[in-house]
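Now for the letters of each chain:
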Amino acid sequence: MILELGEFTRVEGNGKAEVIIENGEVKEARVKIVEGPRFFELLTLGRYYWDVPDLEARICAICYLAHSFASVLGIENAFGVKVPEEIQLLRELGLIGEILESHSLHLYLLVAPDLFGYPDAIRMASKHGEIVREGLALKAFGNYIREVIGGREIHGINVKPGGFGRYPTEDELEKIDKSCDALLRFAKRAVNIFATQEVFGAVPEYHVATDGYLYGEKLIASDGERFDYFEHIEEKSLPYSFAKQSHYKGSVFMTGALSRLMVKSDRLTPIAKELFEQHKEKLSRGYVSLNNLAQAIELVYSLERAKEIVSTLLDHGIKGENVPIEPKEGEGIGYVEAPRGVLIHHYRIDENGNITYSNIITPTALNHALMELSLYEEARKQYGTVDENFLKHKLEETVRAFDPCISCSVHFVRL
Amino acid sequence: MKLGVFELTDCGGCALNILFLYEKLFDLLEFYDIKEFHMASSFKEHDHLDVAIVTGTVSCQRDLEVLRHARNYSNYLIALGTCATHGSVQGAVEGKLRDKLEKVYGTRANTMKALDPKPVVEYVAVDFALPGCPYDKMEIYQLLLDLAKGVEPIKKDYPVCIECKLNEYECVLVKKGLPCLGPITVGGCNAICVKSKLGCIGCRGPLPKEANPAGEFEILKNLGYDEEYLRRKFKTFARGELRW
Ligand code: SF4
Ligand code: SF4
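Order-wise, the sequence lines are chains D and U.
Following the numbering used here, the numbering of the first sequence begins with 88 at its first residue and continues without gaps.
Following the numbering used here, the numbering of the second sequence begins with 427 at its first residue and continues without gaps.
Calculated from the structure, these hints are not laboratory results.
Built from N, CA and C at the ideal position, the CB exists for glycine as well.
Among the clues, some could well be false.
Said to hold, decoys possible - Listed below are several chain U residues computed to face chain D (Cβ distance under 10 angstroms; list not exhaustive):
| no. | residue |
| --- | --- |
| 1 | 437 |
| 2 | 474 |
| 3 | 527 |
| 4 | 531 |
| 5 | 534 |
| 6 | 552 |
| 7 | 635 |
| 8 | 650 |
Claimed, not checked - Using 20 angstroms as the maximum straight-line C-alpha spacing, the simulated DMTMM-like pairs for lysine to aspartate or glutamate come out as follows:
| no. | chain 1 | residue 1 | chain 2 | residue 2 |
| --- | --- | --- | --- | --- |
| 9 | U | 602 | D | 138 |
| 10 | D | 119 | U | 491 |
| 11 | D | 336 | D | 368 |
| 12 | D | 247 | D | 173 |
| 13 | U | 529 | D | 321 |
| 14 | U | 539 | D | 105 |
| 15 | D | 406 | D | 172 |
| 16 | U | 623 | D | 258 |
| 17 | U | 539 | D | 94 |
| 18 | U | 575 | U | 553 |
| 19 | U | 661 | D | 258 |
Stated by the list, open to error - Which bits of chain U does chain D cover? Going by a derived footprint, with three or more residues having C-beta under 8 angstroms, they are:
| no. | segment |
| --- | --- |
| 20 | 507-519 |
| 21 | 641-649 |
| 22 | 652-659 |
Model the full structure from these sequences, guided by the hints.
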């Protein structure tokens, strides 16, 4: 018998799952990404490097800046360009805006209705309006940062190799500084709400993240390895899904907020660190559902870190100078933490500045195998003890904990 | 009024942008009852709809079925965003489908029934087409309010350049020689990219009439841009629609 999970709701993009049951026993679970292929790597081939980050942004709206930045970093690394601290901090600020926007979308609008027993946040708002509005306020603030740094809430083209089209003004930075304090109370409340959620899903063998908190030069894993993706991560195509599947050293692994906390908690800001310590025991159990709690802690981290960055920038004053770029032949990889985990853009560029090779690996693809394992384990635990509707609901909640971004996951190429 | 939001293959931005209306979304809910919005809700009621919003391109068999459903069960169908109206970036990828599948997935087999990405408007008649990658969120707000109140919605038919002038932005094409598609792109975004001192990349699709892509092509060629580069740039959001 095949238990079909119709198209997932309250996730980004179009996906389905099926659980295969034989003789009353759960045999296998498959996650089928049914969103059509989008051929992004082919789109960028032959294109001039300058235009590529704007095209790559279109891979995903929820994390467009992560794609633009990963693209920019890959291109700069190919040309051997290093940008000064001011640009690095502004980039980090943009990624923080995206974490705030994306995590609050996920936690308040997509997951919270499960906790409170509603089909969506709009219907939940009649009784729990305050919580929904707090989520919307965090989200709007994240989007404000995305607009200031990225040029638009969605798909701005302000992020460029070597710098930005336009630099933020002092007023804009001060406005960010002020909102951080006001919103911190909401983020702390989110941690309390999600700390009560029960655990479900599988426990990954490894966690993988970038070596800096939001972007880096290499990947790191919970076994202490520091590596380039092609050394230990293997991808394969599946006959039943438009997304590929990956393994780390042959094992199922995880990437995302929980992974970042597990391998990089030493970098957390003061209050976030305190909250992490407080919930460390629970988080260390490693169930994928704990990704929700980890995201809530990252809301706190993001607000604290945004404040630090803004005060450094205001102290130094914004210079607004781009690093000049001379195209030359080269190869480079950009590693960025999208809100839902490691994002990799890898390019080769010719002496005229045109792209000759491109490979993109997204967090949802990296988590694909763990998503299947989680459904399998959850189905085994619940099958036969609960009714079918409840089981389906539980399985959908399990998928949701990954905060999957299906649009991102449907295009891969190695040429 | 009963409203459904249907997402085909896309980046999710056009559906997400509706949620970015924040408090204004609650204003709309005074007129609309959301019967399906799969990104935002697990609630689904499959009966007749007054308004169906469709985002994305038709890129696989599943998309086609969803689109047919949305068309057959609604009075008004809105193709929302450049994917749905013109094909957007994925519509611009050249080559035969099987070759593309082979390059991406290592096999020519098409088990998941992929199709060449095409805009919604090529498959069904639409009542309103609102371009933008993504569109300005106030546009959909206005359109839905107009529909609810029985007011004839206004269509934008002027270039991005007009909005640069209104905002007093320096012309990046004339002053900096940047390859800006503002003159041949339909306005409505308030020239937001020129605010960043960068050239418009044409994300709202070509101006429906009085556009002069040949003239724009000539100007940019004279500024020293390579023809192949310009050809691709012109095509990025418009598939084959711009001719010169
Ligand atoms: S038109 Fe642009 S923003 Fe809208 S869904 Fe398509 S790619 Fe995303
Ligand atoms: S300026 Fe051009 S590229 Fe930018 S949003 Fe407007 S139409 Fe799109």
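| query | Can you list which hints this structure breaks, lowest number first? | reply | 2, 5, 6, 7, 8, 11, 19 and 21
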